[in-house]
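The sequence shown stops at residue 160 when you use my numbering, and every number in between is there.
Once the Cα atoms are required to be at most 16 Å apart in a straight line, the calculated EDC-like pairs of lysine to aspartate or glutamate come out as:
id, residue 1, residue 2
1, LYS62, GLU21
2, LYS37, GLU48
3, LYS59, ASP17
4, LYS59, GLU21
5, LYS117, GLU25
6, LYS117, ASP30
7, LYS114, ASP26
8, LYS114, ASP30
9, LYS38, GLU48
10, LYS151, ASP44
11, LYS151, GLU48
12, LYS62, ASP17
13, LYS117, ASP26
Keep in mind that the hints were calculated from the coordinates and are not lab data.
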Amino acid sequence: MLHDRVYEKIVEDIVRDRHFRMMKKVYHHRDSVYEHSLRVSYLSYKLAKKLNLDYISAARGGLLHDFFLYDWRKEGKLRRKKFFEKHGFTHAAISLRNAEKHFKLNDKERDIILKHMFPLNIAPPRTAESWLVMLVDKYVAARDYLV
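Turn these sequences into a full structure, and let the hints steer you where they fit.
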């Protein structure tokens, strides 16, 4: 994976999960949601460690932040959706529901997943780890899109 044994141990149950691995077939800009989520998770983990934050929750929440399990580009073409029903507004809650079905989450991880789309999702992140993952996700998504 990334040759960081501490990180790999933290996330190994998630990356081995067959549902999580399905994200290799769902795309986020040019790469899969799986690859995007790994980048968000690992950078969040590294920064959280440097900032003396809960790097375990940052790594796990970052990995599951886009655990929505559908192709949002195709989904949007199946039927017209009202503005606030579109993927950008709804996938955080869907990702949290999916994550809770498959993994044991703590409150920080739940907040990370649910609030990563702030300000599209109106409620702001409650923890420093949630703010960190939200900002890292925006950075990684912009980099994925532009590079």
